[in-house]
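Colleague: In case you want the letters, here they are:
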Amino acid sequence: MQMSETGYNPFVNAQAQFDRVAEMIGLDEATRQLLRQPAMEYHFLIPVRMDDGTTQVFQGYRVQHNDARGPAKGGIRFHPQETADTVRALAMWMTWKCAVVDIPLGGGKGGVVCDPRNLTRSEQERLCRGWVRKMARAVGPDLDVPAPDVMTNAQHMLWMLDEFETIHGGRCPGFITGKPVGMGGSLGRTEATGYGVIYTLREALKELGIKPEETCASFQGFGNVAQYAAQLYSQMGGKIVAIACWDNIDKKSYTYKCEDGLDSAQLMQITDAYGSIDKEKAQSVGCEILDGSAWLEQDVDILIPAALENQITIENVHKISPRVKIIVEGANGPTTLDADEVIQERGIFMIPDFLANAGGVTCSYFEQVQSNANYYWEKDEVLAKLDIKMTKAFHDVYDLSKKHNLYMRDAAYVIAINRVAQAVKMRGWV
Amino acid sequence: MRDSDFLDEHSIHILKERAKELNCLYQVDEILSNQRLSLAEMFEAIVAVVPSGWQYPEVCEARILFDNHSYQTPGYIKSKQVLKCPISIDETIVGSIEVVYTRPVPASSEGIFLDKERKLIQTIAERIGQTLFHRRLKQVLQEWNRPRLDFPENHLEHEWMVILDLLRRTDPNMLLYVSRKMINHLYRNGITEAGSLLNDFSPGWQDTFSRGEVNYPSARVPLGNINTISEKTFQIAARHLSDQEISLLLKRWIQEQKTYDLIKTVDRIDASLGDIVEAIKRYREIAGDSPILYSATERWLAVALIRRFLSDNLDFIQVARQYLGISHFYEIAKRLIYPEESRGKIGGKSTGLFLAQQVLKKESHNYPLLSRVKVPRTWCITTDELTEVLHYNNLEGLNEQKYRDLKEIRMDYPNIIQMLKNAKFPQNIVKSLAMVLDDLGDTPLIVRSSSLLEDQMGAAFSGKYKSLFLANRGSKKERLDALMEAILEVYASVYGPDSIRYRAERGLLDFHEEMGIMIQQVVGKKIGPYFMPLYSGVAVSNNEYRWSSRIKREDGLIRLVMGLGTRAVDRLKDDFPFLIATGQPDLRVNIVPEEIKYYSPKKVDVINLETNRFETVSIAELLRHYGHEIPFAHHILSKYSENLVESVNAFQIDFEKDDLVVNFEGLITGTAFVRLVRQILAVLQEKLGTPVDIEFASDGEDFYLLQCRPQGLGEDAVPAPLPQDIPKNKIVFTARRYITNGQVENISHVVYVDPEAYSQLQSISDLLDVGRAVGMLNVILPRRRFILMGPGRWGSRGDIKMGVQVTYADINNTAALIEIARQRSSYVPELSFGTHFFQDLVEANIRYLPLYPDDRDVLFNEKFLTRSPSILTQLLPDYKHLEQVVRVIDVTEASRGSMLHIHMNAELGEAIGYLGEAYSAQIHGENWPKPVEPMPRQEVARYDDSYWRWRMYMAERIAAQLDGERLGVKAAYVIGSTNSGTAGPGSDIDLIIHVDQDPEKCALLKQWLDGWSKALAEMNYLKTGYNSEGLLDVHFITDEDLAKKSSFAAKIGAITDPALPLKLKSKRA
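In the order they appear, the protein sequences are chains A and B.
Residue numbers 1 to 430, in this note's numbering, belong to the letters of the first sequence in order.
Residue numbers 1 to 1069, in this note's numbering, belong to the letters of the second sequence in order.
So here's chain B without its partners, still in its complex pose (with noise of 0.2 Å):
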């Protein structure tokens, strides 16, 4: 048992030496985890636990030497019986640590100290080394992601070679991507030393490079060792370059490599937009904001990002790789609403914008004012959601629409606006669609069509697809069900008549259209119960509407009205937006205080929070109710008294008293608004390399860009093709001076008062009744297919020679109005530019030319004019007494078929009116050559005539189901501009009815007609998202009116636009 007793004894006597062993290197593994004690807490820490380790603790006590400073335990003293073991950063001894017995112990077979406890000090020394190094690289890994200015230089100096150590031990191949960066780097920068190197990545390179390339494969050449290799790189680099370049271009080439992540993703063709996004999202937790890629990669990944994201049209990508880096696509990726494996793009109205806004905070630089553009927040759908709802409901049938015939499209488009606003959305988008109303909260919204052919190069769908405005109120299952219907109900407007119609006439029926969509805040403030901005508008580079010679085409114009910019968008039928040159704010289009009042806005369009809905309402019903609380209302108004309109500060302003004028003063002069338009047209024009169409709000504090586009994809402003053989005879005019955009196709009547026999009329009266015959024929000749040729100033309101006295109530109906300046002897007179009613021509969109016939450039076939049979007598016979002054040409009669042509190209600076073949809707696109960029005809894009077709046909089918009978009708006829063909789309369907007059059957009448006028006003609302009452206004007439020609009666029979009639329900036999 002794024995057992005595080897018990000893075990136990080694197993105790173990555990304190053992203990003391857990404590001093603790002490060296824990992070937050400094380098001297951590030796301090160790020494004082490191000799209860040892055989004899009580006389043990311990050091730790580093860097020149001694750690030791209170009781330390020099020693012979002592341990030591350095302390080596990797491989450098930078320290040392020593155990000693400071009173002689009983020395064992192993000596004083044991084997173990030779041991224990070394593991403890290696883990001191190791820990030093983690803490070095720690610090100098969180120096990296420190921004530069901050690198006191000395802490650099030697940074680089730290970190080439570290690949050397944990990434080689990392190493190798550098080492053979910097030999590349050295060569290409003229350090021949280097060339000698780059045969050890590549033997042979000279040779290869010397032969030129050779059709065989190069043997494959083992690598030398890297670490000599690298080793040999950066000593040369070391000579060349500072520690400071060093470092730099170590860590811009690490990174590079670290984002190969993201690369290898967006390279990957069978990556899903998702896949991109957490690429993206996972390379900006790297990189942060700044953008850590240079040159060929960065440029690669971007060029691959647009592609995927925005376009893959080249010229697009050629300008948006310039403003766009990889963290701008995190912008998007934040706010990006994508179906499952989507592969979709975010359509061309949110790349415009989006683009844009790169391009202006880039250039913010160079113009501070710049700085001010702001963009709404903003969510987008990319392009393929629609696909996927379609497939989730099982309406991929809607994929078809598109080729049926065009009525049968406009019949159902009521239908598939309510197939589609009962469709579903995909569980995952509804819940990003609750996310996007969290993230934009209860501000009134927009949401947007932005599609693929949208906005982009060559095709305008401005106003073809939807965009609508939400109130945004009430709870938030509301909010959502409410966006999600406007959602679709823009969808459905893909499968819309206009859209299809417009698409087919320009050739892009084919193209593969898909919808994506933008949600974004309403720029705006609440004012009484409205939502609104205090304005908004749209600006162009080029002005294609001047209403003076010193405002040049490239001096842009701004549209600007009160309120959303619905109404600086469209052209109006009852109001004016305010007009700008932007290069020219100084030159007014109306002077007088009576004209500036009579062509300022009278209505602005607003969101009404209460009743949840869009809303035309009178300015001055708004100014006296809520006037007080508008802020930045003195920017917009001015006070107008007789014969003066006085700009006003905030404190000048009686809302309930004052006569306001909306005519942006304020604005104008006191703000830097107009030069800001001006920069950002500017910018835009330069750096995207196209003359833009931009859309804008503000809500009197902050700028807001809501749209940008290439302009001259408006409907009006494209130039038009110079036919160039024509000969000469078949010419009637050609201009050089003040030439605008457009084209006037097809016209039929030539109204051209001669300007000579004009100034040889001998009486006032004959003077005046020149206007009044023009004024007749006005209304007797075919709307908008007719010219006015004429003297000087058509309008003038003082020296009746000088031009023709009319009103715009005498010209309206004119395609054209042709201002000519004839030389007199001494002088050529002063043309007027049309602007007695230029803006009443700017929204009747009535095309302006100047005519100086003596020019030498020019043509004037003054015999066509003058020799041409005129059909005066025949139309006027009251007006004989005119014969040689006022000249109606037939032209298809004078011409032996042809008709009269005007192009107009201000690219060019050049106009042509020619007589050719007529066209006609059926043969374009097939007769006619097809210019560079798909071409609007004219007449169809002025006049969208798909609002008239609607109409009547929707009048023929009234008519086809009214019962003559029973409701006691004789007949029924469509008169106003449905029947002209000019109908817009706020436009109403005028009705002649021809009634017996027994009360009863009225009274039923009326009843029948009132519900077809409230459903079609509803089917207008949604085809148009024009808003009224009824759309029917009717006119009812008995025998007794029909008998006199009286009222409405007289437009039956009527010589010219006379009453259509139409046919009723056929009675039964």
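Isolated chain A, as found in the complex (with noise of 0.2 Å):
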């Protein structure tokens, strides 16, 4: 792993934002030190066996940002150019993730740097069990929940976990997260960002005084958080204008548009596994097909960008209706930092990505409570218990935000600092 780089740094980034928000909290020296950088790194080599006979060694690493609030909890990513401040700045952003939704979890990140495609799944399963042999110490339900990220999954997951078990000797579920249902898995996951999406937007809209069912959207993306918050938006009686998305035969985006509104549920009938949505299909039941970037001109209340990072950018912001009243950042990063300038002037109310879409961390962490349990809820109970988080982070944000005269995403980050601010002090950390 790289330690350092000249050029574009997301760690030097992501300090900086803390900084500015330390400074508008007004923190001590004390506490900016101790949160502006991980608490604790782990780098260490994993000895493979490969099927050949030779023996490859990897770089394996873990970051544990902050655990004052509880367990860190953060991805495995198996990356073959990993830079140790990528992954730096991840657990950073782990632990205000964890924080502004309020569950008790602190921030880490860790992975190996390898390129899984160059290795067998024996190779990968020895991989992800030399990963827990050297970290067995240092993870487990109590300490550090690893969850799947870039190129892991709910395999390499399963192999961790019975590792981990093992070693300890007895079953621990809730060591890691991810799993698949029946092994330890929650149901609502599939559901739990684009439904805590439209959470936190029912609750904006109630804040701000609009009737959903008076209100009319324009989504960017069709996949999965798309698609479940464009049903939930129905469902609360929104009416959805347009929808882009990728055509997967054209290898570009169109957006679908339909005055009288679209419907969800007879969209997702004509769309293929990958959120692209049948274009002759879509003609067929009164679509108009516009550009790929049609979405973000449309005249409606409501944007919700929730595909790709940096779409609403210095060059199109201009372009958003002056209807629109609220953005809601469904995926990660949509807004560029200028653009989001230019909303925060114009005065739309933001729900950033890291509050809006905050949904899958939760049920990850619901996950983990089940796990430990060994108690597994229905789907509703799920659902219903997202709600109340979701729901309840709103508000904690949309208050301070209200209070103090904040941008919602500045809210949002002092919202999330204090909380582990505060923990660390009561710690009698600093």
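Watch out, some of these pointers could steer you wrong.
Dumping the calculated EDC-like pairs for lysine to aspartate or glutamate here, alpha-carbon to alpha-carbon at most 20 Å [to be verified]: (1) B:Lys1051 with A:Asp291; (2) B:Lys138 with B:Asp115; (3) B:Lys20 with B:Glu126; (4) B:Lys116 with B:Asp165; (5) A:Lys379 with B:Glu642; (6) A:Lys252 with B:Asp840; (7) B:Lys880 with A:Asp410; (8) A:Lys252 with A:Glu280; (9) A:Lys392 with A:Asp102; (10) A:Lys279 with B:Asp1033; (11) A:Lys251 with B:Glu594; (12) B:Lys374 with B:Asp439; (13) B:Lys1044 with A:Asp291; (14) A:Lys279 with B:Glu1029.
Counterexamples of contact, computed for chain B against chain A with all Cβ distances above 10 Å [stated by the list, open to error]: (15) Arg169; (16) Met174; (17) Gly195; (18) Gln418; (19) Met419.
No lab work stands behind these hints, which were simulated from the structure alone.
Nothing here was measured: the structure is a model prediction, and the numbers come from that model.
Positions of the beta carbon are idealized from the N, C-alpha and C atoms, including for glycine.
Hints given; two lone chains; assemble the complex.
Modeller: This is the structure in structure tokens:
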């Protein structure tokens, strides 16, 4: 793993963002020192016997940014060109993310420098087990809870869990999340992020005094998040005017529009497993087909970018209709910094990504809780608890933003960082 | 009268005696000729009838002594009144027969026994002797034909003597032949005393040899007494060889002689295929299944048959003769259709398959796994049947078709198809085809071309000639008609523009092409209304698409699909086959569950038994309705759930509810499939002496080999010749790591993302902008005429610093993707091998090349890449800030008229990118140095441009006939793949039609266009086999659109890839 880099450095950015908020809050120097870098980093070597009999040594790592509020939580990445600073930034981001929705977890990130495409299944299994053997004393349900991330999946989690349980003698499914349902996984995970987005939107509308059934919205993306968001939004009575999504055949995206409202259920039936809507069928059910960028320019009340990063940019931000009152960031980082400033100036109500899409991490937390109790809830129960968490999280952020006249994004950061700072203080660390 | 009375009485007595004698003889003969009697029964019966032939039968008894046994009549006693005669076989006394009178009888002047009686007993004894001889002979003959193991040792002992004896008396020529053979055999084995005998055969031979060859005719020397020579010969033989050896040699030589008929026929220059087939069949009657020829004769004969049936190619014969014996040709002859007086062969495809089958069969002794390989039942029609059909239908004119103008050929092709489809077969062929149907039954069939050019060393006609599937349902007559029509349509493809152009490009136009036909049972099972194999695919020895540095070229590659193999053979536009490196089956292309699903096959080609058509259906639909009918479905399916792809067993699949992915997990990990394919590839490559390319299919239970040809004839796997004398300043880069085969020519633009400058970018938005700029250049630059060169991992989804963040859509028009791994302070970054969109690259045939500029043995012309003027800011003024990072080099401009060419040669493990003259299709063939093998020009081979040319031509035709006034059309344009020259066989023709908004005219227009669309679809289907409802994709635009530049109107007058205006029907004056 490369320890430092010239040029763009995500960790430097993350620290800068922290410093800005820390300044805003007026955090003391020691707390700043403690929170602006990871509390603990593990770097270790994992020798793996390859299928051909040779041995290859891989670099493993785990960064635990902070665990004052609870066991560290974060993904395991298999990435061939990982840099330490990227991982540090991601671990820090996890700390804030858990704190903003007020779940009792800290932030971590880890992985192995490798390209799993160069590894056979059995080599990957040995690698996973090797990682756990090295980290066995520093991870666990009450220390640090890994999860799937880049190029790792449920299978890797199960191998790791098995190794962990073998070492510790006994079953502890709460060691890791992202397990399949029936093997310690939680129901409702598919819906969690999309529903979470709409729970926050619903609360925002309430606060702004707008009736959902009188609103209309435009979505970008029609993958997992957007599909469930659209479903719940329709159920609330909202009208979906446009959905932009990728077309796999034409290799470009289109915006599907219908002034009278799109039927999300109907659209889901003509959407393939990758969130591509069938163009012809969409046309036949009366959709107008526009360019992929048209979703942003629609005359709607709500914009929900739920596809990719960096979609609302300084180049297109001015195309946002004056009617737009709320932007809910379903995707990670859909708005660039400069565009965000414009949005803030225009007074559009912003539900920032790490609040809006925190449904996913919340559900991971629920998986952990269920695993630790070895008692698994029905889907309604999961979703009901999710609603409570998200609603509460939204109001905490909103109230703060109201009270101190803060932009929602800043309010979310302030809440998150404050919660962690408080935990650190109460523990007497600083 | 008394005298006369006496005379009469005497005469009558004599006559009676004669009658008795004759009667007796007849009876004896009858007994002897009764094959069913054992020797003992025979003798007992004979002694019983013999007394009746004598003068005093009532006191006459008889006895036969044979082999220490006595067979006698019940009243037999020893007596002095005895008549005795020895029984001998072949001059050896083996027993005797005697007749006695038990009581005294009057003696006549001739004695007690009459002269006639003496003669009678002699005759009987002789006949018995003959019968015994024949019986013994028969036994010997029978034993010859019995497998050798059955022989008890002692039986063999003197068998050879009997044979020799037989020959001595019956076939002196054969005796001479075997004696000569034996003496040669002995002499060759170092038995010196045989040398002196050689002299008897050809006196003076030693002189001749010692003096060397002389140039005058040697004197004819009369042969010595054959019997004496052979006796001497075999005396020596008996001293040096075991009885068994002599017997075996004798038998072998005798049978060699007997196959002379076949040899004579094959050797006859004017023998027709029919004669040879007959001779082979006769030979088989003699030989049965086991080969009876050895050494030189067998080899000679096999080679002669290879030449007649398979190929004249010496390299081919060299290999084939090691595996093919005469009996193998019986297999061909059994299912062969040929015109009378045929001189044809079975054609390339049949030959390849046949040889591969025999090689695998033979090698299955060493590799038992190979015994699982089957070949579907196949009939062949010889290559000259096409000529016969042309002649029979007076269509010889078609032969000159290939010399006509390509456009003419293209225009004429639909007519030719119809002409041929209406042609008739000669009656004898019709009868044979009916027989084929009886033999193959009503299972679906595939009619494949098997031409002389096809699949032979040097030129690949893959996909140029047609293969047609037949559901083979209905009445016998319907099935026969369909079969004949299909054959004729395959014949027609000889005259298709594709194949003629392909031949013209490779200088093969003057080759007398003949088209054989293979009629093969389709492998598969009935599933719902469909017939399909569980899986099929293509496998090649050399892997030209490697997704990991751990995969070696010789690890091979399988392209695997569900259903018919058509989807594995062709590149797919809208789907992906499953890829397996046979040597590294555990290194998968896709790791992440989402990607596994995304890149898994979604469609399946089947034969619909209800509609009698070849169809493509969605796998999801097929599984939902008929999943439970699919045997071994768990071999090809896995269950997909969020973040997990789970392999399943037969009881874990719920076809209605589960999200199923075709990833062949069960097949790969749970069966010997990969091992089998690997072994097939390895054995065939070793034995045929060339990397191979096979097609296969399986019904789930058995593995069928469908085709085998040398690899490297494929369109894009040809090692490019490496130009040697390129001046250093013309070289842009060279590479020596992970090289695959291929050639990318006439690159006009290079998009170079400077690795150093990229790594220095400070803000994430700049980094993202690089990806965006590339995406925009991908649209602006001429399609397939530019390459992308950049640092690290293109499309990296993790750390953006490691490579430009692009999706496949941002690069899909590039001709090649080049990743540069520059040495960093302490490490060289690992490259991606294009893994992020690996399968997209494969299907689009975008070449991938990694460069390691800091390696010692390579060149990297950084100066050209960083100092040549960049036109980025002209193209994308908004991206001026990336000027130092993204450089767009107009190669022609920068190099004063050259183009960039990349030649990659995996055989040598080298690649070069250099600046040189532009190649154009016209000068190709004259200026381009001919490589050793006919080498397809990459561009042409990859993008078979006949597809777009035809579409463009048709678009022009449509416009030319479009009555603008009547139909309210202001203008027409062509866009999309037809315009960009990238249309494939399944592409539609995209038209923009600018209309005035008169609804009536519009309706008329739509109707008019619909007619065209359907007709073109049909033509396209006939041409390519691609089926569609209509071929036109028409986008209507209005004045308003044009004004607003909305919708497709934006394409008109666009800077890049603008719509091409078409000339409408000229207005009447």
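Colleague: Run every hint past the structure and note whether it holds.
Modeller: We went through each hint and held it up to the structure:
Of the pairs offered as hints, the one joining Lys1051 of chain B and Asp291 of chain A holds, with about 13 Å between alpha carbons and a cut-off of 20 Å not exceeded. With a C-alpha separation of about 35 Å, the suggested pair Lys138 of chain B and Asp115 of chain B falls outside the 20 Å cut-off, and the hint is violated. For the proposed pair Lys20 of chain B and Glu126 of chain B, the alpha carbon gap of about 19 Å is at most 20 Å, so the pair holds. For the proposed pair Lys116 of chain B and Asp165 of chain B, the alpha carbon gap of about 33 Å is over 20 Å, so the pair is violated.
Restraint check for Lys379 of chain A and Glu642 of chain B: satisfied, since their Cα atoms lie roughly 15 Å apart, inside the 20 Å limit. With a CA separation close to 15 Å, the supplied pair Lys252 of chain A and Asp840 of chain B stays within the 20 Å bound. Only pairs whose Cα atoms come within 20 Å are accepted, and Lys880 of chain B paired with Asp410 of chain A is rejected, the gap being roughly 33 Å. At roughly 15 Å between alpha-carbon atoms, Lys252 of chain A and Glu280 of chain A fall within 20 Å of each other, so this suggested pair holds.
At most 20 Å may separate the alpha-carbon atoms for a hinted pair to count; Lys392 of chain A and Asp102 of chain A meet this at roughly 9 Å. The suggested pairing of Lys279 of chain A with Asp1033 of chain B holds, with an alpha-carbon distance near 14 Å, which does not exceed 20 Å. Between Lys251 of chain A and Glu594 of chain B the CA atoms are separated by roughly 18 Å; this keeps the pair inside 20 Å, and the hint holds. Straight-line distance between C-alpha atoms of Lys374 of chain B and Asp439 of chain B comes to about 18 Å, which keeps the hinted pair within the 20 Å bound.
For the hint pairing Lys1044 of chain B with Asp291 of chain A, the CA-to-CA distance comes to about 14 Å; that is within 20 Å, so the pair holds. Proximity of Lys279 of chain A to Glu1029 of chain B is assessed by CA-CA distance (about 17 Å); at most 20 Å being required, the pair is judged to hold. Arg169 of chain B, annotated as away from the interface, keeps every beta carbon of chain A farther than 10 Å; the closest lies near 72 Å. Separation of Met174 of chain B from chain A is adequate, the least Cβ-Cβ distance of about 63 Å exceeding the 10 Å criterion.
Residue placement check: Gly195 of chain B keeps its beta carbon more than 10 Å from all beta carbons of chain A (closest about 61 Å). Interface exclusion of Gln418 of chain B from chain A stands, the closest Cβ pair being 33 Å apart, more than 10 Å. The claim that Met419 of chain B lies off the interface holds: its Cβ sits roughly 37 Å from the closest Cβ of chain A, which is beyond the 10 Å cut-off.
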